[in-house]
Amino acid sequence: MSYGPVVIQRNLDFNICRGEVFIIMGGSGCGKSTLLKHLIGLIRPASGEIFYEQEDFWKVDQVDRDRIIRKTGILYQSGALWTSLTLSENIALPLLQYTQLDKNSVDEIVSMKLALVGLAGFENYYPSEISGGMQKRAALARAMALDPEILFFDEPSAGLDPISAKRLDDLILELKESLGATIVVVTHELASIFAIGTDSVFLDTDTKTMIAGGDPKLLKEQSCDPKIRSFLSRGMEN
Amino acid sequence: MSQEQLSSETGVSNCDIRLCRLDDGTLLIDMKGHWVIDNTIPDRSQISNFLESSQPIHQIKIQSSDIKRWDSVFLIFIIYIKKLCKDRGIECRTDELPQGVPNLLRLIAAVPEVQGLRKEKTKKSVLFRLGELTLLNYANFCRQLEFLGELCLSFKRMLNRTARYRSSDVWLMIEECGPKALPIVTLISILVGLILAFVGAVQLSMFGAQLYIANLVGLGMAREMGAMMTAVIMAGRTGAAYAAQLGTMKVNEEIDALKTMGISPMDFLVLPRVVALVLMMPLLCLYADFMGILGGMVVGVGMLDLTFVEYYTQTKAALGMRDFNVGLFKSAVFGVLVAVAGCMRGMESGRSSSAVGEAATRAVVTGIVWIIVSDAILTVVYNALGV
Numbered sequence: 001m002s003y004g005p006v007v008i009q010r011n012l013d014f015n016i017c018r019g020e021v022f023i024i025m026g027g028s029g030c031g032k033s034t035l036l037k038h039l040i041g042l043i044r045p046a047s048g049e050i051f052y053e054q055e056d057f058w059k060v061d062q063v064d065r066d067r068i069i070r071k072t073g074i075l076y077q078s079g080a081l082w083t084s085l086t087l088s089e090n091i092a093l094p095l096l097q098y099t100q101l102d103k104n105s106v107d108e109i110v111s112m113k114l115a116l117v118g119l120a121g122f123e124n125y126y127p128s129e130i131s132g133g134m135q136k137r138a139a140l141a142r143a144m145a146l147d148p149e150i151l152f153f154d155e156p157s158a159g160l161d162p163i164s165a166k167r168l169d170d171l172i173l174e175l176k177e178s179l180g181a182t183i184v185v186v187t188h189e190l191a192s193i194f195a196i197g198t199d200s201v202f203l204d205t206d207t208k209t210m211i212a213g214g215d216p217k218l219l220k221e222q223s224c225d226p227k228i229r230s231f232l233s234r235g236m237e238n
Numbered sequence: 001m002s003q004e005q006l007s008s009e010t011g012v013s014n015c016d017i018r019l020c021r022l023d024d025g026t027l028l029i030d031m032k033g034h035w036v037i038d039n040t041i042p043d044r045s046q047i048s049n050f051l052e053s054s055q056p057i058h059q060i061k062i063q064s065s066d067i068k069r070w071d072s073v074f075l076i077f078i079i080y081i082k083k084l085c086k087d088r089g090i091e092c093r094t095d096e097l098p099q100g101v102p103n104l105l106r107l108i109a110a111v112p113e114v115q116g117l118r119k120e121k122t123k124k125s126v127l128f129r130l131g132e133l134t135l136l137n138y139a140n141f142c143r144q145l146e147f148l149g150e151l152c153l154s155f156k157r158m159l160n161r162t163a164r165y166r167s168s169d170v171w172l173m174i175e176e177c178g179p180k181a182l183p184i185v186t187l188i189s190i191l192v193g194l195i196l197a198f199v200g201a202v203q204l205s206m207f208g209a210q211l212y213i214a215n216l217v218g219l220g221m222a223r224e225m226g227a228m229m230t231a232v233i234m235a236g237r238t239g240a241a242y243a244a245q246l247g248t249m250k251v252n253e254e255i256d257a258l259k260t261m262g263i264s265p266m267d268f269l270v271l272p273r274v275v276a277l278v279l280m281m282p283l284l285c286l287y288a289d290f291m292g293i294l295g296g297m298v299v300g301v302g303m304l305d306l307t308f309v310e311y312y313t314q315t316k317a318a319l320g321m322r323d324f325n326v327g328l329f330k331s332a333v334f335g336v337l338v339a340v341a342g343c344m345r346g347m348e349s350g351r352s353s354s355a356v357g358e359a360a361t362r363a364v365v366t367g368i369v370w371i372i373v374s375d376a377i378l379t380v381v382y383n384a385l386g387v
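From first to last, the protein sequence lines are chains F and X. Per our numbering, residue 1 is the first one in the first sequence, and the count goes up by one each step. Per our numbering, residue 1 is the first one in the second sequence, and the count goes up by one each step.
Just chain F, same shape as in the assembly (with noise of 0.2 angstroms):
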């Protein structure tokens, strides 16, 4: 991945199983939200290619490149929601542009989101008119609309107190288990990463490349790198 001649990252192999809560973590500016963004299609890698179960995503149809993105749901890091909008209005809108559901099935599927997420209630609200944690909530309501196969969540954590992390962590496990949602968390809240995690991928800025991945908990016990059993016991480790 490169933003120009400037490479972010090279050399990276790995899999995403479904069912996973898979994390990419790593220290600041290795290049975790770009990768996000590369396999969400926002991106074209600079060299190399991206699977959706069998298809290459950037070697087939627009269209079909349409239908892989329509399975995912994407929260991003600062919310993204729509400021003209209402909070109702921003979920519903991939309901209305997607299925041919009635007004009322969609108001209420609007509702049941929010209800989710805690926020209940604030269906007519604009996003400035609520705090940040809240904006981060509905924007999470947002990416559920659809119920999508893989959901994908952008330092879902920054930003919220510790309750309303925690919330979203228990939240983030309902889903797998309820939906059968693959999840894949870009983070560094080391909590979440171990309360979460199944399996993950550790990105180094130095030498700008993967170094590990498996599931966090092995990582921070077996790991042979000191670089990451550091990131995984907070620095308190030498």
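It is worth saying that the hints were derived from the structure and are not from the lab. There could be a bad hint or two in this list.
Said to hold, decoys possible - In silico DSS-like links for lysine-lysine, alpha-carbon gap of 25 angstroms or less: (1) 103/F / 156/X; (2) 71/F / 59/F; (3) 82/X / 123/X; (4) 103/F / 86/X; (5) 68/X / 176/F; (6) 32/X / 61/X; (7) 103/F / 208/F; (8) 180/X / 103/F; (9) 166/F / 176/F; (10) 176/F / 71/F; (11) 68/X / 71/F; (12) 82/X / 103/F; (13) 32/X / 86/X; (14) 176/F / 37/F; (15) 176/F / 32/X; (16) 61/X / 82/X; (17) 103/F / 119/X.
What the hints assert, rightly or not - FRET-style restraints, in silico, Cβ to Cβ: (18) 254/X / 48/F: 35 to 41 angstroms; (19) 172/X / 45/F: 56 to 62 angstroms; (20) 45/F / 117/X: 41 to 47 angstroms; (21) 110/X / 234/F: 29 to 35 angstroms; (22) 44/F / 93/X: 50 to 56 angstroms; (23) 233/F / 124/X: 56 to 62 angstroms; (24) 113/X / 78/F: 23 to 29 angstroms; (25) 140/X / 78/F: 26 to 32 angstroms; (26) 215/F / 113/X: 34 to 40 angstroms; (27) 103/X / 14/F: 26 to 32 angstroms.
The beta-carbon is built from N, C-alpha and C at its ideal position, and this holds for glycine as well.
Using the hints, position chain X against chain F.
For chain X alone, kept in the frame of chain F given last:
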């Protein structure tokens, strides 16, 4: 998403519901199939119709062990049935819901809605809205006066050399609204001169007085059109830009950051912009005057068979320094107005993307309105002064 309990099925995948009244007064609702968003969900009024029927129902039992796939539409159906039961005081039993559904239902009900926070879109009467609008406009007017007052204080600080801004910003703004505006000012001014000449040519040639085209274009451009057209161009170009820049800075909390650092946004942001435009406008106006005269010359020489020398001499005879000064003073005034309109609308902007667009639009409209009004006032004043 769905939880598939058997291996994937292809072909027809419908969702089905069957209502059956049992002898003990229980309504058995049997749901089977693929309850997903892509399918047509059965009409839910059949359930309420059943409940309205003569025989009373004491309990509703939902059976869903035959569900192959489910997603949100299934959940809202279950929620609907539960609400129906709660409203009528009937018990609702959901023993065999698909795996994951009970947990989701629990999560949905976990954080109850806080009372009194729901915003309803109510219809307000015309009188109410009129009153609201009046109060809003009055508040806006007061805010605008405040802005102008702050700006005057800022000017005073600038003259005292206590204003905090970067001189490099002033030069940047000067470059933006001076040299970079030359192409469009050139184009429009030449065309305006051309049009003026064209309009007059027909009438004047009836009297054989084609030569006076030079007077028409020269005086028209120098006294009026040079200043006004340039000001309108700058309102659309620079006024909107100022509003959008300041509006976006407001959204990104950059203006808050300046305030909390003890730097007045008026000194740092608005002052350089106003100063730059006031300095550049007269120069652009002068340039526009000459370009307009050039445009008139094209018509005079090309269409009316005048010679360059004739046109030039006539123009020189018709125009005096006073005429140019009249236009230049107007343009300076217009410069202040356009810059103030742009910056004011930008600082007033709301915090959403559409609000920034709206601020830019209002900057242009306000700027143009102020230009025309002040033009009228100045014309009357000039007339009274005999200028």
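Verification of the supplied hints:
1. 103/F / 156/X: violated (59 angstroms)
2. 71/F / 59/F: holds (18 angstroms)
3. 82/X / 123/X: violated (31 angstroms)
4. 103/F / 86/X: holds (24 angstroms)
5. 68/X / 176/F: holds (18 angstroms)
6. 32/X / 61/X: Holds, at roughly 14 angstroms.
7. 103/F / 208/F: violated (49 angstroms)
8. 180/X / 103/F: violated (51 angstroms)
9. 166/F / 176/F: Roughly 15 angstroms between the alpha carbons, so the hint for residue 166/F and residue 176/F holds.
10. 176/F / 71/F: At roughly 15 angstroms apart (the allowed maximum being 25 angstroms), residue 71/F and residue 176/F satisfy the hint.
11. 68/X / 71/F: holds (19 angstroms)
12. 82/X / 103/F: holds (21 angstroms)
13. 32/X / 86/X: Answer holds: residue 32/X to residue 86/X is near 24 angstroms, not above 25 angstroms.
14. 176/F / 37/F: Distance of about 22 angstroms is within 25 angstroms: holds.
15. 176/F / 32/X: holds (23 angstroms)
16. 61/X / 82/X: holds (10 angstroms)
17. 103/F / 119/X: holds (19 angstroms)
18. 254/X / 48/F: 35 to 41 angstroms: At 38 angstroms between Cβs, range holds.
19. 172/X / 45/F: 56 to 62 angstroms: violated (38 angstroms)
20. 45/F / 117/X: 41 to 47 angstroms: holds (45 angstroms)
21. 110/X / 234/F: 29 to 35 angstroms: Holds: the Cβ-Cβ distance is about 30 angstroms, inside 29 to 35 angstroms.
22. 44/F / 93/X: 50 to 56 angstroms: holds (53 angstroms)
23. 233/F / 124/X: 56 to 62 angstroms: holds (59 angstroms)
24. 113/X / 78/F: 23 to 29 angstroms: holds (26 angstroms)
25. 140/X / 78/F: 26 to 32 angstroms: This hint holds: roughly 30 angstroms between Cβ atoms.
26. 215/F / 113/X: 34 to 40 angstroms: Taking Cβ atoms as reference, residue 215/F and residue 113/X lie about 39 angstroms apart, which means the hint holds.
27. 103/X / 14/F: 26 to 32 angstroms: holds (30 angstroms)
The structure is inconsistent with the numbered hints 1, 3, 7, 8, 19, although it conforms to all the rest.
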